[in-house]
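Number of protein chains: 2
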Amino acid sequence: MSRRIVVVGGGAGGMGAAGGAKAADPDSEVIVYTSYDDVAYSPCGIPYVHGKEIDSFERLFLASKQDYVDAGVDVRYQANVTSVDVSRKVIQVADAGEVAWDTLVLATGFNYADPGVPGGDLGGLYYVKDIREAIEWDKVLDTVKSAVVVEASPLGVEMVTALAHRGIETHLVDPSPWPMSEMADPDIMAPVEDSWSELGVTTHFNTTLKAFLGDGGHVRAVSTSAGDITADLAVVCTHKEPNNALGVTAGLKTGSTGGFIVDEQMATSAAGVFAAGDCTEIPNGLTGVPLQGLTGSHAYAQGKAAGINAAGGARTYNAVYVPWGTAAGKWIIGGASFGETTASALGIPYVVGSAQGISRARYYPGVKPVKVKLLAEPETLRLLGAQMVGGEGIKERADFLAVAIRFGLTLHDLAGMENVYSPAIGALNEPIVVAARNGVDTVQG
Amino acid sequence: MSRRIVVVGGGAGGMGAAGGAKAADPDSEVIVYTSYDDVAYSPCGIPYVHGKEIDSFERLFLASKQDYVDAGVDVRYQANVTSVDVSRKVIQVADAGEVAWDTLVLATGFNYADPGVPGGDLGGLYYVKDIREAIEWDKVLDTVKSAVVVEASPLGVEMVTALAHRGIETHLVDPSPWPMSEMADPDIMAPVEDSWSELGVTTHFNTTLKAFLGDGGHVRAVSTSAGDITADLAVVCTHKEPNNALGVTAGLKTGSTGGFIVDEQMATSAAGVFAAGDCTEIPNGLTGVPLQGLTGSHAYAQGKAAGINAAGGARTYNAVYVPWGTAAGKWIIGGASFGETTASALGIPYVVGSAQGISRARYYPGVKPVKVKLLAEPETLRLLGAQMVGGEGIKERADFLAVAIRFGLTLHDLAGMENVYSPAIGALNEPIVVAARNGVDTVQG
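Chains as they are written, first to last, in my numbering: chain A, 1 to 445; chain B, 1001 to 1445.
For the record, the hints were derived by calculation from the structure and aren't laboratory data. This one's a predicted model, so the numbers in the text were calculated from it and none came from an experiment. Keep in mind that the hints are not guaranteed to be accurate.
Here chain A is said to cover these stretches of chain B; the calculated rule only asks that three of the stretch's residues, wherever they fall, bring their Cβ under 8 Å from a Cβ of chain A [claimed, not checked]:
#	segment
1	1241-1250
2	1295-1301
Heads up, simulated DSSO-like pairs for lysine-lysine below, C-alpha to C-alpha not over 27 Å straight-line [claimed, not checked]:
#	chain 1	residue 1	chain 2	residue 2
3	A	K330	B	K1145
4	A	K368	B	K1371
5	A	K368	B	K1145
6	B	K1330	B	K1145
7	A	K52	B	K1368
Even glycine gets a Cβ: it sits at the ideal position worked out from N, Cα and C.
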């Protein structure tokens, strides 16, 4: 009899798992349960449709429902899984009863943290998540004059930029001194803040949310420690919390972030149960500190591993070094592992090498600045982290530097690396090389 | 008394040496001799001015003569060094006599290989090198209706693209079956050839040059094994040969390429004499095969090391893994170390992992294809080389993959690497990861 693999969740983690399972064991029965109407779309694209960089939500759909049928993956839409029983190996599905599984993958994703202030039930509070809701909200944006984005999380940064591009009077409220303060250093974000100013955004840092103020059941202002801000709309971009209720009730072990603890096979504490994506936590490779709420790419790769292993395969998913990047205002920001802020907070000693470079020959059209800052262990000069702001090539450098950290490369190694020089695509001096050299020179006096 | 460091050559290698020497020993006297009128410009930009991507030759000048005066570097223009005496530690300079040195850096660059056919002394034969000549040739291009580019070297590829952009009827003659056959595989160059067709270029591969045919002392046609091609201009882009005459006469050892043999300090076989750039040869890190005629970035870094060491410092220059890349037709091509053609020619066994990916989310404006092909050792899956064709991020990936080769990373390592996913800058699946995974899957069946 064929193995039945049940996947709960239709996001990047869940669909990665379904694909991985089917590839590893084509004879298996793979069933995906999602509470939504759709699976194969890119939620990460939603802010860019709102910002009019992408002209239609249709473009965000990556595959049709028929594609999954053809691939032999049975997706059950609008299906709420209400409980998991790991000893009897069954789930309960609302309106469908008990479904048995041989192996289970939980990819239940995240919830936005409750802002925990009065007025949370008012109309006009937008939590960016489901594409069908986003399509409706996009119509609302045509009528909105002013909006407040709550918290400068990565999504918050994208939404601020999108709303400003859309011509909406946009405010950002965040309790930290600068945006994305959990990931990015202030010097990296300063040009982003400047470009927001040029776009007409008003930022309110070191400012806490106190309430959403309503009028006739609809938000009319956002109350903060720095005063009230009139707004027709509040986009709530609080941090992601693992959507762990199903697994917790079933007895799965969770870690300090609330994410399911998984081993290198993405197996949870319960036999035959795997997990992937934002409902899990994964250790940072340098510090062992558990991380939760990584990117869609992480969720997809974790899902793939979980699905393959759920189907009897053997795929390892390693500790993470977290390359990251995004468009922000007029810039691209990115990095790998952590920056100075996090290193200081964790008490990790470090030295810095940084450089302000360029992306092409300086006379070539389209040349953009590239600032690279590298953190390294003081004695060994082993790379600990990287932070960048620029215009092109940030994503590829972030990917590279995360690998460099994983494999223990030092500033000496990076200072000696070769680089492509060709006017249209690369400058004589690669900014990573110059940053590393500057770091070495600083240490050696 | 201060040390006198003499540098022969004002290109990337020579000016890198001068800067490195002055930085390492600010009290030293640094004198650069160049036979040209200028030093601080980018010859690599010349094809792009001809192609009108860059609007003026003025932009190619990176520093003024005063900048070098201010930096304490004494540049002697239009100064021909006629001989080197390594035992007496002097050079002879035409019209200036003998100049003594404590240490010497030879950065005498390259000459284009003589095409070795009749008609080489005709007018209308353009060797792209000096900016002053390029400015004059650019005026000629306004009057040219048809041109033949001789050899599909990297410069030849750039010049074909430039002349086509300029609206000149352009022919390419090359004895190999495809362009840049010494570096690039045919599958990488196929889209480039297609885009040349779209631009109206006529290519003649497997075709040898027989003569330049003249009329009144000026070229009127190029004779080839496939017939005569009428042309007002021939751009001769034969391969680079080391300009080694000065050093050879002085007794410096050269290798199989004719380039000066240098150690890791860029020291030649003569005490106190260093060399850098196209006049040297450097071993490939994987094969030990000596390579000559690398990029301006290599020359600059070698020059820096040579200059620092000539000034009593200690800077190592390692074996090379040669990341490369350039714009070609409508594409960007690039890679690291070698491709299938070279591996086969050298008898190096390899397996391939390749993938056709994209540079951003597929719905994001500006998304471009990225093809990645990875070569690895059959048993260990250790990376041997990479070849790519795409639209953006090729340079940064080439830099990365050259480092990956240097540090012995395997396809397993690359298949497990994390990647940035953010719609405007990176796709869910990084093409390097998919290529590596495909390679692993191919080997494991």
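Against the structure, the hints come out as follows:
Residue count for the segment 1241-1250 of chain B with a Cβ under 8 Å from a Cβ of chain A: 0. That is fewer than the three needed, and the coverage hint is violated. Restraint check on the segment 1295-1301 of chain B versus chain A: 6 residues with Cβ-Cβ distances below 8 Å, three needed, restraint holds. Between K330(A) and K1145(B) the alpha-carbon distance is near 43 Å, which puts this suggested pair outside the 27 Å criterion. Proposed proximity of K368(A) and K1371(B) is supported: the alpha carbons are some 24 Å apart, at most 27 Å.
Restraint check for K368(A) and K1145(B): the C-alpha separation of about 36 Å exceeds 27 Å, so the hint is violated. Taking the CA atoms of K1330(B) and K1145(B), the gap is near 22 Å; set against the 27 Å cutoff, the hint holds. A hinted pair counts as satisfied when its Cα atoms are at most 27 Å apart, and K52(A) with K1368(B) qualifies at roughly 20 Å.
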